[in-house]
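Number of protein chains: 2
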Amino acid sequence: MIDFATTPSDYKHWKLEINGPIATLKMDVDEDAGLNPGYTLKLNSYDLGVDIELYDATQRLRFEHPEVRCVVITSDKDKVFCAGANISMLGLSSHAEKVNFCKFTNETRNGIEDATANSKQTYICALNGVAAGGGYELALAAEHITLIDDGSSAVSLPEVPLLAVLPGTGGLTRVVDKRQVRHDRADFFCTLTEGIKGKRAVEWNLIDETVPRSKFKDTIAATATEFADQSDRPDDAKGIALIPLNKVTSGDGIAYDHVTVSIDRTGRLARINVAAPSEAPVQELEDIHAAGVSFWPLALARELDDAILHLRTNEPELGTWVITTTGDADLASAADTALLAHQEDWLVREITLYLKRVFKRLDVSSRSIITVIEPGSCFTGTLMEFVLCADRSYMLDGTFEGDNQPEATLRPTEMNFGPLPMCNGLTRLETRFLNDKDAVGAVRGEIGNDLDAQAADGLGLVTFIPDDIDWEDEVRIAIEERASFSPDALTGMEANLRFAGPETLETKIFARLSAWQNWIFQRPNAVGDDGALKRFGTGVKPDFDNKRV
Amino acid sequence: MIDFATTPSDYKHWKLEINGPIATLKMDVDEDAGLNPGYTLKLNSYDLGVDIELYDATQRLRFEHPEVRCVVITSDKDKVFCAGANISMLGLSSHAEKVNFCKFTNETRNGIEDATANSKQTYICALNGVAAGGGYELALAAEHITLIDDGSSAVSLPEVPLLAVLPGTGGLTRVVDKRQVRHDRADFFCTLTEGIKGKRAVEWNLIDETVPRSKFKDTIAATATEFADQSDRPDDAKGIALIPLNKVTSGDGIAYDHVTVSIDRTGRLARINVAAPSEAPVQELEDIHAAGVSFWPLALARELDDAILHLRTNEPELGTWVITTTGDADLASAADTALLAHQEDWLVREITLYLKRVFKRLDVSSRSIITVIEPGSCFTGTLMEFVLCADRSYMLDGTFEGDNQPEATLRPTEMNFGPLPMCNGLTRLETRFLNDKDAVGAVRGEIGNDLDAQAADGLGLVTFIPDDIDWEDEVRIAIEERASFSPDALTGMEANLRFAGPETLETKIFARLSAWQNWIFQRPNAVGDDGALKRFGTGVKPDFDNKRV
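Residue numbers (this note's numbering), protein chains in the order written: chain W, 1 to 549; chain S, 550 to 1098.
Misleading hints may appear alongside valid ones.
[Stated by the list, open to error] Far from chain S, some chain W residues (derived; all Cβ distances over 12 Å):
hint, residue
1, Glu-67
2, Thr-108
3, Thr-249
4, Asn-404
[To be verified] Cβ pair distances, simulated, as ranges:
hint, chain 1, residue 1, chain 2, residue 2, range
5, S, Arg-749, W, Leu-285, 46 to 52 Å
6, W, Pro-212, S, Glu-866, 43 to 49 Å
7, W, Pro-212, S, Arg-728, 56 to 62 Å
No wet-lab data here; the hints were simulated from the structure. Glycine included, every Cβ here is placed at the ideal spot set by N, Cα and C.
With the sequences and hints as input, model every part of the structure.
Following this line, the structure appears as structure tokens:
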């Protein structure tokens, strides 16, 4: 089992140093501390374990260090920044492991860009040595890239010529779309094993500057200060310690404070229940800060994040996630009110951004998501996003016989209209009602109102509203049927249906780039016994089927 | 060898009827006339042969029938419109064949949408029976879909539940992006073997209307007339007969009038040379009409189209296409002038749109494209698009020793600034200089000027400008090296680097959807011995690996 929880004192591969407004995150991978046996993490190459620590560091920098305005990513090893994902590890990994690893890596890098753009915690990259493949891809996520000018250090994406795979964790997309490198230059660069350095690297916009060793440290410090000066993060605020989650794991599931996961292995599904706050959420800013990790929206984000990562990584056979909620709509609504009232506060901003990222993680999860809305549920505001995320939702029309709970309702809040956009830049409602502003407006007109099944159906918010006679069979059959379909076909279908509308850098990375990468990760030319990934390092050249597909 | 040339009198699967402004294209697939042995094309299911005829018909309708303003696609079989791509054919096809077949199908459907949007020849679809899978996907390319209301006929995308593959020729994308069907409804629809008919199909916007048998014919006629009335196509113009190309094929290549293809099997490359007009192109509209298929721009589009389709389908091992040109820049420029002067004419509009589609076909071809620019070449205007298409271009700086030809030049014309957009909606120059209007403007300032290597390089139009000393080695090594890389990695890399900037319905279909489809076409759950494609029709259920990737 892979556990995503860690803490700086347990880091094996990174060193985090804070110096006032500037943090430095030094990569110093312990060769012998790979997550699995069978490979050595030479030259700051990485595996999922290295990435889990990086993700943890980025989260702590946001929440525990409000004073940090600029983060410098660099290496603590001489002459090498990072050699990218470890090739032997990739060669030993199953297809699913490779794909899942890359998805998580992508999410962390997108999170780094989100910190820069929205948390005003700007990441810059100090390449003190060679940055190859995934190493350069990590740099591409930074706002500014400085390369040491030492006559040998270069940036490179050698995946195509060396390994017959793609620079598939954002590299190809960020080169042409983010850094706007001309596509013919990008083509040349991506076929060049040794990479590019010096003046040409700057001219082609592969990096922002190259600086001799003698001036490297000072230049980085000056650049970091420059970015730090542009930030609005407070210098006198107290951070929120991300203490370990209260989490009880058993074979059948996980219980956190607000999120529970029950596993049905026969049905190949996980039931995820999310509870609304059990008491009135604090509304004053100082009380929110005092509550910290126990403030319900932050606790929710952390628990959901951990549950999603756990299920994605450790439970690949659970193909369907059935999402339910419980609790009081007024209390859930009050939590949204607290968030919305203090958007200018750094912590409330962080919590909102974290919720946004967690829902995005749900959107790109290769699992069928079915939301079930029954009496006693609480799909209010932020929690209503589960309904909008879902591939399909079922809402009971009316009540169950012999059950005195009132009818289930949905209640929109302002949280559904902006703060939680999808990767495509639209809200889930805008994506749902693509180009139909009236339909979005009609839902907006219902902010604060409890919508019963008929009303929710009329507004287009739920898929089906069976009554109590049909309910059990209809929901059961939908869930059972889902489990009978090909997992691959479902993954492809969901990845295409969930993201109507515009594409962005992020959706391009998760769709165009990742889909091609997944294809190549399945092709004999890469992963076959005679393929490049298997033969790398053996001295024997790969044997390609030369037919173009 | 697959030949893409055909003519209505040779059609086996379609009947084309012209009735004034309205054409009817009736699908009536000959079960026993599949392109390959081993399968029967039951229920109007199709293979590449059926699609080749459809493509031919769409081209003839544009050029030979200026009077046709609306095209009705329907079936000549009772109770069935089209059952989609033939499953047994897919089961017997290699991975490359499946992928190539789907790409061509997509291009034809995009062409149908292009005819509707830009040629004012609107396609509508009269579903007189069941439209399943690719059958419904064909309908989705039409502007208006009418389904017969006979109690049994439905539209469906049963690929996921029945075959464990995707509705991958546009279906998933067009449902949510073009017809803006809500994603949860789309999810339900795409898992429903029997499909949806009647009121629900209209409500969900899967079709535009459903009409009882008694009123079907009249309704279609009325709808067709309504669309025809909105067209600006002339009713008194004479069409241009698309007579067979003058084409000489040998083992080493193909010679057309203006395009020659030489094949180097050892080097695994095709050299494509395009010749500029050999005499001054006619400029008057009546002369252009009189010239017809021998008007150079139209001849060029037809020859290139055929060459690309031939190489893609029949020469999969030729992984690199080296493109050169020859001829006189003034004559090539004059051809552009003639096109640009008469854009309001239906024929000139068609020729321009055809050129646009051919260059788009080049963009989505899974071959490395290298443009070589030497003395004697003619990369002017339309022909300069080859430089902008290319993954990489080499331009000789200066002349060769002992060669009295003047230096090679590029000459931009207005054709490079609008009439030939890529699938992403931008011109190739806008994509090349993404968000850099100044760089595009600088090239625009050079319209009509001959740019030597230094100037072209300064403007960012070419990748490298070696002098005569380095030329031979540099170009040779680039081409040889290309042939040594994994064909799959190159395909994935090129598909990601060529399309910076916005995504559109078309790029979504070619990238997101096709990439996922290719992945699934490679997965054991679909194509393995126990997979759904192989077991379809045997009565034995597929045996899935249930792990989600």
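Hint check results:
no.: 1; hint: Glu-67; in the structure: holds, 34 Å
no.: 2; hint: Thr-108; in the structure: holds, 19 Å
no.: 3; hint: Thr-249; in the structure: holds, 20 Å
no.: 4; hint: Asn-404; in the structure: holds, 30 Å
no.: 5; hint: S/Arg-749 to W/Leu-285: 46 to 52 Å; in the structure: holds, 50 Å
no.: 6; hint: W/Pro-212 to S/Glu-866: 43 to 49 Å; in the structure: holds, 48 Å
no.: 7; hint: W/Pro-212 to S/Arg-728: 56 to 62 Å; in the structure: holds, 59 Å
Checked against the numbered hints above, the structure violates none of them.
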